[in-house]
Amino acid sequence: MKIAVCIKRVPDSETRVKIASDGKSLDEAGVKFILNPYDEFAVEEALRRKEQAGAGEVVVVALGPAAAQETIRTALAMGADRGVLLQVDRIPADGLEAAKALAAELEGGGYDLILFGKMAIDDYNHQVGPMVAELLDLPCVTTVAHLEIAGARGTAEREVEGGVEVVEFTLPAVLTTDKGLNEPRYPALKGIMAAKKKPLDTKPTTVGQGGLEILALMPPPVRKDGKIVGEGAAAVPELVRLLREEAKVL
Amino acid sequence: MSGVLAVLEQRDGALRKVSHEVVTGARRLGDALGGTVDALVLAAGAVGGSADQLGAFGADKVITLTHAAFARYAPEGYSRAIAEHVRAGGYRAVVFAASATGKDLAPRVAARLGVPLAQDVTDVGVESGAVTVVRPVYAGKALLKLKLAASPALVSLRPNVFTPVQRPKAGVAESAAAAVPGGGGGGGGGRVTVREVKAAQAGALDVAEAPIVVSGGRGLKEPANFKILEELAGAFGGTAAVGASRAVVDAGWRPHADQVGQTGKTVSPTLYIAVGISGAIQHLAGMRTAKVIVAINKDKDAPIFKVADYGIVGDLFEVVPKLTDEIRKLHG
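Chains A and B, in that order, are what the protein sequence lines are. Under the numbering used here, the residue at position 187 of the first sequence is numbered 187, and the numbers go up by one with no gaps. For any residue, its number in the numbering used here is found by taking its place in the second sequence, counting from 1, and adding 250.
It is worth saying that the hints were derived from the structure and are not from the lab. Here the structure is a predicted model, which is why all the values come from computation and not from measurement. Possibly wrong hints are sitting among the right ones.
The calculated lysine-lysine pairs, modelled on DSS-like cross-linking and capped at a C-alpha distance of 27 angstroms, are [claimed, not checked]:
1) B:Lys556 <-> B:Lys471
2) A:Lys227 <-> B:Lys395
3) B:Lys550 <-> A:Lys24
4) B:Lys550 <-> B:Lys391
5) B:Lys395 <-> A:Lys32
6) A:Lys224 <-> A:Lys2
7) A:Lys197 <-> A:Lys32
8) A:Lys203 <-> A:Lys2
9) B:Lys471 <-> A:Lys18
10) A:Lys224 <-> B:Lys556
11) B:Lys579 <-> A:Lys248
12) A:Lys248 <-> A:Lys227
13) B:Lys395 <-> A:Lys224
14) B:Lys550 <-> A:Lys32
15) A:Lys224 <-> B:Lys391
16) B:Lys395 <-> B:Lys448
17) A:Lys18 <-> A:Lys32
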């Protein structure tokens, strides 16, 4: 089983968001970066599939700045075999441009599976995986929460509103992973040491501007100060009155 | 061309509510661009009553593309048929729902057309002739305003944000139907087929789409206590769903499908009632676009009170049953 996992370096979800002086981007000073949490499910799934098959290779691919080497090392410490960094100064706002760069790298790689996290927790773009699938003309299932593979066929389950979709697909395929698919492992010290010696290929990459232009990054609207209606069950009638008469939601 | 295409959703031959929101968003863009709005639905056969309903929300024309394989979502068949329809129609913008289906479908169509996509937007507009959107990023801690410098501009709308607006001049929209040709290469499932949709509990609303969400966290103390939240949700007479924080989902008390937050669902209900939830940033990411937030928590310093419009400090096991009684009184 040869599996590619596309990963992204993202700010930790606990990050305090400070907008940079250009008014269009995150001020990265002091920000801690991590492996995108949804990508951890993808890395874990790739490792398990390879372990079950008893042979194969797990290749992690990241589009990002030089510092994303560290993110790739995290995946290598989990157990991936080698990494590829498509090095760019800045990840384009347009997901299709990111998809084009990744597809160019993956094309002809002979992968049985290409895995992504279902979305990145920084830009919430929610699109690069299925776009890569289209560009490579591969079958694709997104937000996979359960997966079975037998030979060249797979069955995946994905949550939809009010139910679960059971999707059959053929390999090779592109899948994006959701929470619930597995429990990602923590890199062990041995893995962290081993990761330092694993191959990591850095390729300077040019990405197009794309058709999405950032006009502004803004703080969310300030919710007007809430009020504590009162304490305990005695406050409930007043709450209901406010919901009816002031908020008008009942 | 300045037309806008609204891509609708049906399940079991009936339009899903989010379709009205998509038409409403498309109409807003259509008005700003000075164009007409076509509503497109893919189905195995006729979708009942849709033209009249959709006319009221702003569709000028309802187009049904039929194929035997379109009864359920067929990722490859749908994306192919929509991309072809968009190419032929020369639309200026295409609007999807950012539902489970829409978020899967829109990127495929965008890649086929070679144009950018903005997913899960909470606002749309037109500035100097270009479509602009606003989307929450960084767990809702910031909003990104983008210009889509391409035609067509593809966007998907966050559910429950674009409140359907019935127009005063409610007209019956023109309707048209076309069969998508062929077996294998046409509309058919091809390499990816939805075999079945296992329905959740009958009649249960999905947290992502319910107008009212009652969510519980660790403060509920044990799984059986979610019964009091189910009773509260039930008091709203079929308009409320029960959600859960990550902590209780990870503990196995509630299914992941109910989880609200960064690694769960993003919800924008009219009313969100957080019960026994402290309000970690990852939870806020999933519900801060709710119109009205109520928090019930025994800790007056819980962060949830910072985003709540109304709070009650107290023992949820006393407050919630009282609230259920009061809501029942309202709903008679």
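For each hint, the structure was consulted:
For the suggested pair lysine 556 (chain B) and lysine 471 (chain B), the alpha carbons sit about 23 angstroms apart, so the restraint of at most 27 angstroms is met. Taking the CA atoms of lysine 227 (chain A) and lysine 395 (chain B), the gap is near 30 angstroms; set against the 27 angstroms cutoff, the hint is violated. For the given pair, lysine 550 (chain B) sits about 36 angstroms from lysine 24 (chain A) by alpha-carbon distance, which is inconsistent with the 27 angstroms threshold. Straight-line distance between C-alpha atoms of lysine 550 (chain B) and lysine 391 (chain B) comes to about 23 angstroms, which keeps the hinted pair within the 27 angstroms bound.
A threshold of 27 angstroms between alpha carbons decides the hint, and for lysine 395 (chain B) with lysine 32 (chain A) the separation of about 24 angstroms falls inside it, so the pair holds. Our distance criterion of 27 angstroms between C-alpha atoms is broken by lysine 224 (chain A) and lysine 2 (chain A), whose separation comes to about 52 angstroms. As the CA atoms of lysine 197 (chain A) and lysine 32 (chain A) are separated by approximately 24 angstroms, the hinted pair is consistent with the 27 angstroms bound. With a C-alpha separation of about 21 angstroms, the suggested pair lysine 203 (chain A) and lysine 2 (chain A) falls inside the 27 angstroms cut-off, and the hint holds.
Under the criterion of a C-alpha separation no larger than 27 angstroms, the hint pairing lysine 471 (chain B) with lysine 18 (chain A) is inconsistent with the structure, at around 36 angstroms. Restraint check: the Cα-Cα separation between lysine 224 (chain A) and lysine 556 (chain B) comes to about 10 angstroms, which is no more than 27 angstroms; the hinted pair holds. Of the supplied pair hints, the one linking lysine 579 (chain B) and lysine 248 (chain A) holds, its CA atoms being roughly 17 angstroms apart against a limit of 27 angstroms. Between lysine 248 (chain A) and lysine 227 (chain A) the CA atoms are separated by roughly 16 angstroms; this keeps the pair inside 27 angstroms, and the hint holds.
Taking the CA atoms of lysine 395 (chain B) and lysine 224 (chain A), the gap is near 22 angstroms; set against the 27 angstroms cutoff, the hint holds. The hinted pair formed by lysine 550 (chain B) and lysine 32 (chain A) fails the criterion: a straight-line CA distance of about 30 angstroms is larger than 27 angstroms. Restraint check: the Cα-Cα separation between lysine 224 (chain A) and lysine 391 (chain B) comes to about 16 angstroms, which is no more than 27 angstroms; the hinted pair holds. With a C-alpha separation of about 37 angstroms, the suggested pair lysine 395 (chain B) and lysine 448 (chain B) falls outside the 27 angstroms cut-off, and the hint is violated.
Of the pairs offered as hints, the one joining lysine 18 (chain A) and lysine 32 (chain A) holds, with about 13 angstroms between alpha carbons and a cut-off of 27 angstroms not exceeded.
Hints 2, 3, 6, 9, 14, 16 from the list above are not met by this structure, while the remaining hints are.
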